[in-house]
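Line order of the protein sequences matches chains A and B.
With the working numbering, the residue at position 90 of the first sequence is 90, and numbering never jumps.
With the working numbering, the residue at position 50 of the second sequence is 50, and numbering never jumps.
If you're looking for bench data, these hints aren't it; they were derived computationally from the structure.
Everything numeric in this text was worked out from a predicted model, so none of it was measured.
Hints should not be assumed to be uniformly reliable.
To be verified - Each computed EDC-like pair below joins lysine to aspartate or glutamate, with the alpha-carbon atoms no more than 16 Å apart: (1) A/Lys155 x B/Glu199; (2) B/Lys308 x B/Glu199; (3) A/Lys47 x B/Asp58; (4) B/Lys229 x B/Asp58; (5) A/Lys123 x B/Asp108.
To be verified - Label-pair restraints from in silico Cβ distances: (6) A/Leu125 x B/Arg306: 30 to 36 Å; (7) A/His49 x B/Arg306: 25 to 31 Å; (8) A/Val166 x B/Ser198: 22 to 28 Å; (9) B/Ser104 x A/Lys47: 40 to 46 Å; (10) B/Glu323 x A/Trp101: 37 to 43 Å; (11) A/Gly167 x B/Glu270: 47 to 53 Å.
Ideal placement from N, C-alpha and C gives every residue a C-beta, glycine not left out.
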Amino acid sequence: MARKRESSPQNPHDVGRVMREIPERPRGTPLKDQDIREGKVSLIAWKPHLEYRWDSGVAISRFLLGLKEGKILGVRCHSCGRTVTPPRAFCEWCFRPVDEWVELKDTGTVNTFSICYVTWDMKPLEIPQIPAVIEIDGTHPRVGFLHLLGGIGEKDVEAIRRRVRVGMRVQAVWKSPAERVGAITDILYFQPLE
Amino acid sequence: MRRIRRKVAVVGAGLTLFMRRALETGKELSYYAASQALESAGLRLRDIEAVVVSSGPDAFDGVHMKGEWLSDGAGGYCKPIMRSYVGGGSGVFSIIHGWYMVASGMFDTVLVVAEEKMSSCQPHPQGAFLTIFDHTLERPLGPNLLWIFALEQSRYMHTYGISNEEIALVSVKNKRNALNHPCAQVAAELTVQDVLSSEVVAWPVHRLMVSPVSDGAAAIVLASEHVAKRITDKPVWVEGVGWCLDTSYWGNRDLAYPRYVEYAARMAYEMAGIREPRKEIHVVEPYDPFAYKELHHLEGLLLAERGKAAEDLVNGRFDRDGELPSCPSGGLMGVGNPIAAAGLMKVCEIFWQLRGEAGKRQVPGNPKKGLAQAWGDLMQIGTVVVLGR
Chain A
1 MARKRESSPQ
11 NPHDVGRVMR
21 EIPERPRGTP
31 LKDQDIREGK
41 VSLIAWKPHL
51 EYRWDSGVAI
61 SRFLLGLKEG
71 KILGVRCHSC
81 GRTVTPPRAF
91 CEWCFRPVDE
101 WVELKDTGTV
111 NTFSICYVTW
121 DMKPLEIPQI
131 PAVIEIDGTH
141 PRVGFLHLLG
151 GIGEKDVEAI
161 RRRVRVGMRV
171 QAVWKSPAER
181 VGAITDILYF
191 QPLE
Chain B
1 MRRIRRKVAV
11 VGAGLTLFMR
21 RALETGKELS
31 YYAASQALES
41 AGLRLRDIEA
51 VVVSSGPDAF
61 DGVHMKGEWL
71 SDGAGGYCKP
81 IMRSYVGGGS
91 GVFSIIHGWY
101 MVASGMFDTV
111 LVVAEEKMSS
121 CQPHPQGAFL
131 TIFDHTLERP
141 LGPNLLWIFA
151 LEQSRYMHTY
161 GISNEEIALV
171 SVKNKRNALN
181 HPCAQVAAEL
191 TVQDVLSSEV
201 VAWPVHRLMV
211 SPVSDGAAAI
221 VLASEHVAKR
231 ITDKPVWVEG
241 VGWCLDTSYW
251 GNRDLAYPRY
261 VEYAARMAYE
271 MAGIREPRKE
281 IHVVEPYDPF
291 AYKELHHLEG
301 LLLAERGKAA
311 EDLVNGRFDR
321 DGELPSCPSG
331 GLMGVGNPIA
341 AAGLMKVCEI
351 FWQLRGEAGK
361 RQVPGNPKKG
371 LAQAWGDLMQ
381 IGTVVVLGR
């Protein structure tokens with residue numbers, strides 16, 4: 001235990017020292033891929049093998065069937081008067097079943113967008129992804145969901161921002177009917193209408 | 001909302017160094033923070049009646065039921081223990097959890113410990129966040145965590161006409177404040193140009209507008225009024241708490257304004273008897289995992305006018321010696337972001353500021369009331385605590 005106290009920079013019995021010392025920066029212990037490959041660190045790697053078969057539920061199942069037919073569906077609640085998508089079985093505001101299914105247009109407006117140059121593990125992307133929230137026409141108040149923008153044909157921020165802006169009108173680009181499987185990816189992306 | 005009669009005080013605080021890849025385990029980090037907090041309160045573990053342990057996604061550690069696993073390090077051995085977890089909002093939620101254990105009259109002393117060790121997760125802890133997205137409608141699009149922040153920042157900037165230079169100034173301020181924080185991981189003296197020259201990871205977000213991957217732990221000790229008065233001359237009272245969760249249909253929300261943060265703040269202000277927060281809050285630690293979030297949250301907390309926080313920032317209102325010092329610790333952008341521990345670090349900072357113990361980080365003017373706030377889940381929760389002396 002005594003040795004542990006000496007070796008740790010975070011000795012709790014030396015609170016004063018921990019709070020006084022301004023560290024050299026950046027602090028931490030770097031770990032490179034090479035360190036792992038060369039066995040410089042002992043490493044217990046564990047890959048979880050977990051598989052899930054998710055039920056898509058009452059409302060989303062119907063939404064997915066709509067996508068397969070090339071339609072974007074929404075639901076309406078007569079109590080609060082909202083028409084929203086993605087559909088839901090019950091209105092979370094009024095806490096009662098939704099009243100009506102409606103077919104929305106496959107056009108909408110860009111609520112917000114980003115131009116993403118990295119993957120989740122921080123690897124660079126040559127062609128950026130342009131995620132966006134699309135407000136789907138026919139919803140009230142205007143709401144929507146996450147999807148991608150495409151058909152822009154540019155790579156760098158300034159060029160893309162010349163083509164894409166918040167408030168821009170867009171339309172879904174669908175997979176061919178034969179390719180559609182009833183998934184959100186049946187819409188390939190939304191492209192500018194202007 | 002009922003008035004709660006039993007008062008609860010913070011009587012001690014502890015914090016480990018924040019860093020990328022600490023060699024200590026989560027349990028060890030928890031032990032360091034918890035034992036510091038006990039020592040600063042002049043208490044031993046046997047004086048503690050119950051424990052709250054707070055930590056983010058189990059996926060970071062690859063250990064299911066992490067709260068139970070950490071419990072030994074958090075001082076939970078054979079005690080009533082509870083895990084507090086609402087994603088990024090966890091750190092401030094943990095003091096709320098501890099507060100009601102004492103306020104209810106059930107316990108007189110509660111130890112609250114928040115720990116996070118993100119660096120174990122390979123190749124990058126962002127992987128642990130991929131499962132927050134809807135499995136049917138969002139994950140097939142290949143999202144990553146940066147998307148939701150970038151989309152929110154983009155909407156916020158568009159709605160109020162805020163520039164990226166103004167957002168970058170948050171990084172500059174917080175990283176500079178952190179130069180005076182002994183536990184800081186990414187303190188630096190930078191210019192707005194440095195921030196904007198760092199690579200674009202997901203426009204409008206640049207690399208230096210994002211908090212780092214961190215390991216670390218923080219802890220506080222809570223006590224009832226009669227115990228607090230016996231053990232310290234400088235109790236810091238928990239005067240108000242609030243929390244609120246918005247819908248998980250985040251594409252259906254107004255991304256420019258965090259309404260749920262406002263609701264949480266109003267709940268805390270009402271309890272604390274605060275009518276004019278801009279005059280009555282003297283120091284604030286809003287949650288800043290991304291630079292724009294500090295401004296976004298200051299507006300939600302009603303501490304800046306909607307869409308005007310950036311202007312206040314440029315005018316120096318949020319500097320350490322400004323009218324309302326914001327993130328005097330250096331925040332997540334400067335000290336680091338071990339998720340749950342980062343939120344409780346903010347509570348520790350307000351505790352030290354109100355006691356006049358913040359050293360070089362001390363804000364002038366003898367602050368009497370301070371506020372700490374955290375945020376998380378799928379961009380939907382606000383957790384708020386108002387402390388006072």
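For A/Gly167 and B/Glu270, compare the CB-CB distance with the range 47 to 53 Å and indicate the outcome.
-> Roughly 37 Å apart at Cβ, these two residues miss the hinted range, so it is violated.
Assessment of proposed distance window 30 to 36 Å (beta carbons of A/Leu125, B/Arg306) | The hint (30 to 36 Å, Cβ to Cβ) holds, given that A/Leu125 and B/Arg306 are roughly 34 Å apart.
Range hint compliance [Cβ, A/His49 to B/Arg306, 25 to 31 Å] = violated, 48 Å
Is the straight-line distance between the alpha-carbon of A/Lys123 and that of B/Asp108 16 Å or less?
-> violated, 50 Å
Evaluate the given range 40 to 46 Å for the C-beta pair formed by B/Ser104 and A/Lys47.
-> holds, 44 Å
Hey, B/Lys229 versus B/Asp58, does the alpha-carbon distance stay inside 16 Å?
-> violated, 38 Å
Distance restraint evaluation - A/Val166, B/Ser198, Cβ atoms, bounds 22 to 28 Å = holds, 24 Å
Pair hint outcome, B/Lys308 versus B/Glu199 [Cα-Cα no greater than 16 Å] = The hint is violated at about 27 Å.
Are A/Lys47 and B/Asp58 close enough, with their CA atoms no more than 16 Å apart?
-> Given pair A/Lys47, B/Asp58 holds - Cα atoms ~14 Å apart, limit 16 Å.
Within 16 Å, alpha carbon to alpha carbon, are A/Lys155 and B/Glu199?
-> Since the Cα atoms of A/Lys155 and B/Glu199 sit roughly 14 Å apart, the hinted pair holds (cutoff 16 Å).
Outcome for the supplied range 37 to 43 Å, where the beta carbon pair is B/Glu323 and A/Trp101 = violated, 53 Å
In summary, the structure is inconsistent with hints 2, 4, 5, 7, 10 and 11 from the numbered list given earlier, while agreeing with the others.
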